[in-house]
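When you get a sec, could you build the whole thing from the sequences and use the hints?
Heads up: the protein sequence lines correspond to chains A and B, in order. Its first residue numbered 691, the first sequence is counted upward by one per residue in the numbering used here. Its first residue numbered 999, the second sequence is counted upward by one per residue in the numbering used here.
Think of the hints as simulated: they come from the structure by calculation, not from any bench. Bear in mind that the values here come from a model prediction, so they are computed numbers and not experimental data. Certain hints may be false.
To be verified - Not the full set, but computed from the structure, chain B residues with beta-carbon under 7 Å of chain A: (1) Gly1036; (2) Val1112; (3) Phe1115; (4) Glu1165; (5) Asn1189; (6) Gln1198.
Said to hold, decoys possible - Okay, the calculated beta carbon distance ranges per label pair: (7) B/Val1238 to A/Asn852: 37 to 43 Å; (8) B/Thr1013 to A/Ala978: 52 to 58 Å; (9) B/Thr1262 to A/Phe886: 28 to 34 Å; (10) A/Ala909 to B/Thr1262: 16 to 22 Å; (11) A/Ala909 to B/Val1027: 58 to 64 Å; (12) B/Val1238 to A/Ser772: 37 to 43 Å; (13) A/Ile784 to B/Val1238: 19 to 25 Å; (14) B/Leu1127 to A/Gly953: 40 to 46 Å; (15) B/Val1161 to A/His849: 38 to 44 Å.
Note that CB positions come from ideal geometry on N, CA and C, so glycine has one too.
Residues per chain are reported as follows:
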Amino acid sequence: MDPAMGMGLVALMGAAATVAGCSEDLESDIGSQSNPNSQVQLAAQVGYPHRIFNKAISGEPPSNAMYCAVGAGVAMVLMSESVMSASPLIAIAIGAFVAALLNGVFATTSYMGRSASQTRFNQYVYMDVLRNQILSLMGHAYITTFCIVLLSYVMWNQHLINHPFPFPVIALIWGLCVGAIGSSTGDVHYGAEREFQDFKFGAGLNAADSGNITRYAEAGIRSSLDNAWFCSKFGGPATGIAFGMVVFLDNWRSTAFAEVLNGWGAVLVGLAIVILLVIYNRQIETYARKKYGPYPEYAGDIEA
Amino acid sequence: MSAGGPGGEAVSAETANQVDIKGIGVGLVGIYIAGISGIPYLAFLAGIGAIFATKMGADAVRRVCSYGIGTGVPSIGMLALGMGIISAMFGLALGKMYNAVFIGPIVGLVLALVIGFVVGTLANKIIKLNIPVMERCLMEIAGAGVLALTGLSVMIAGSMDFVVISEKVITTGYIAPVFILGALGILHPFNASLGPDETQDRTLVHAYSCGAIAMVIGGLCSIAVIDSIAGMISIVVGLVIWYVTFMGFVKLVKRDAGAGYVGTGLLPPGAM
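Structure (structure tokens):
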């Protein structure tokens, strides 16, 4: 392939991945999936019944893998010659729509099921919470699935990157990946930062504070859409950049250095990227500890 | 108290033996009719078998996770299909090797039960989780995984022949949605009902509806693999089962939530 064309495809995939990462994180924040979910789930038990969407579709990596695998599977059916040889863009759009419908069904059952399973703690099942949130969830899931299935298609298509794995399997793997990154990057912003921004650095977390995550927002009782508003300022974009970088750097090294040293060039560049990122992360961590810690009560190393 | 419930043995109206007999019985019968008859229009029966197998797995997840495995629920579902896919493919390949296609699902099931027993024993004796139902539940989960995976694969391919399945389901990649929907069908019903007031009938009706979703998507894939009529039959049957069980789930949510099922409203008195 022409190198310029290859770089263009890599850039397109990176851009699609950035959008997907951002929308994936916001989707999970609206539904309080993953990191904050245990706090929302515990809230009623520690005396704080709430009006927050409790979407537990197994944890983000498998649920996003499901949307993306289904989206790619449906797109592949539509594109196959024995069915209708649909154009890829339309097929991917329809596939993502089917995946968004599944997201709606699974989100509905988990909200209703989990709330009804906490009746003894006075937790109500609010239909308006379901109705208000479900379309934003499905909309974000649609964007995520569309972008991931699109980048998987670019990877799989034999005229483009020509990856040897089947299309739905590539989408499954990228779905797992975006879920894992959303869960570890963006959700921390909602699950920890949103609730504990007034706590002292390194103060630790008392389990009894868990329910606070469902209490007050900037105005009135907190709702799931407030969380999306809050997280769209930092958590969502950070997830997008993280996932976009994963997709971009990975494809960049394997496209640009494929010919170097008989393919080993790409491996070495990958290794170098990982080592650089590890050093950079360590730098940030020690910088933050020095700048913001230790918290006032801290008096040197305490023997266990 | 665990996030998953009071901890200890789960309360059941339908006993484990009843669920297992239905799951394995209907599962195998469905797979065999669809696989051996050679009539593509009967392929949907394998999907119905997969639904019952999914329910069996969901019930096993429910029983083992009621011992307080909160965040481990999704992991157990993925473990089920991990064990399931190895056993299913081994069984079908062995059947092909000995030119006896019909032994495939049974060999797969037996192998899954053995793997499940070994994993359960490891978890209980070596890692010392000490959950009394662990071995049995992991055997059921692995069995459910293999039946759900074989059922959906046979439904998509319309055949029990390993060559056909590997060419039409695995190489094309349709195995990806089948794998993940099968896993979610087993883990999602209990995970979505996690809490002390979880009830067995609600969880199991939800398992039927998750299995039906997998059947609908499998039917969609089989349009490209077998033909459009066989695929449409699977989709329509799956949609009907999904609608009925989903409405049943909503009804049971209303029953369990009681006065707490409200259109809108403030937080309950004393909550602020």
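Hints, one by one, checked against the model:
1. Gly1036: violated (20 Å)
2. Val1112: Because about 26 Å separates B/Val1112 from the closest Cβ in chain A, which is outside the 7 Å limit, the hint is violated.
3. Phe1115: At 25 Å from the nearest chain A Cβ, B/Phe1115 fails the 7 Å test, so the hint is violated.
4. Glu1165: Violated, because the Cβ-Cβ distance from B/Glu1165 to chain A comes to roughly 12 Å (cut-off 7 Å).
5. Asn1189: holds (6 Å)
6. Gln1198: violated (12 Å)
7. B/Val1238 to A/Asn852: 37 to 43 Å: holds (41 Å)
8. B/Thr1013 to A/Ala978: 52 to 58 Å: holds (55 Å)
9. B/Thr1262 to A/Phe886: 28 to 34 Å: 30 Å Cβ-Cβ, so the 28 to 34 Å window holds.
10. A/Ala909 to B/Thr1262: 16 to 22 Å: Roughly 18 Å apart at Cβ, these two residues keep to the hinted range, so it holds.
11. A/Ala909 to B/Val1027: 58 to 64 Å: The hinted range 58 to 64 Å holds for A/Ala909 and B/Val1027, with Cβ atoms some 59 Å apart.
12. B/Val1238 to A/Ser772: 37 to 43 Å: Hint violated: Cβ distance 26 Å, outside 37 to 43 Å.
13. A/Ile784 to B/Val1238: 19 to 25 Å: Given a distance of about 22 Å, which is inside 19 to 25 Å, the answer is holds.
14. B/Leu1127 to A/Gly953: 40 to 46 Å: With Cβ atoms ~44 Å apart, the hint holds.
15. B/Val1161 to A/His849: 38 to 44 Å: violated (29 Å)
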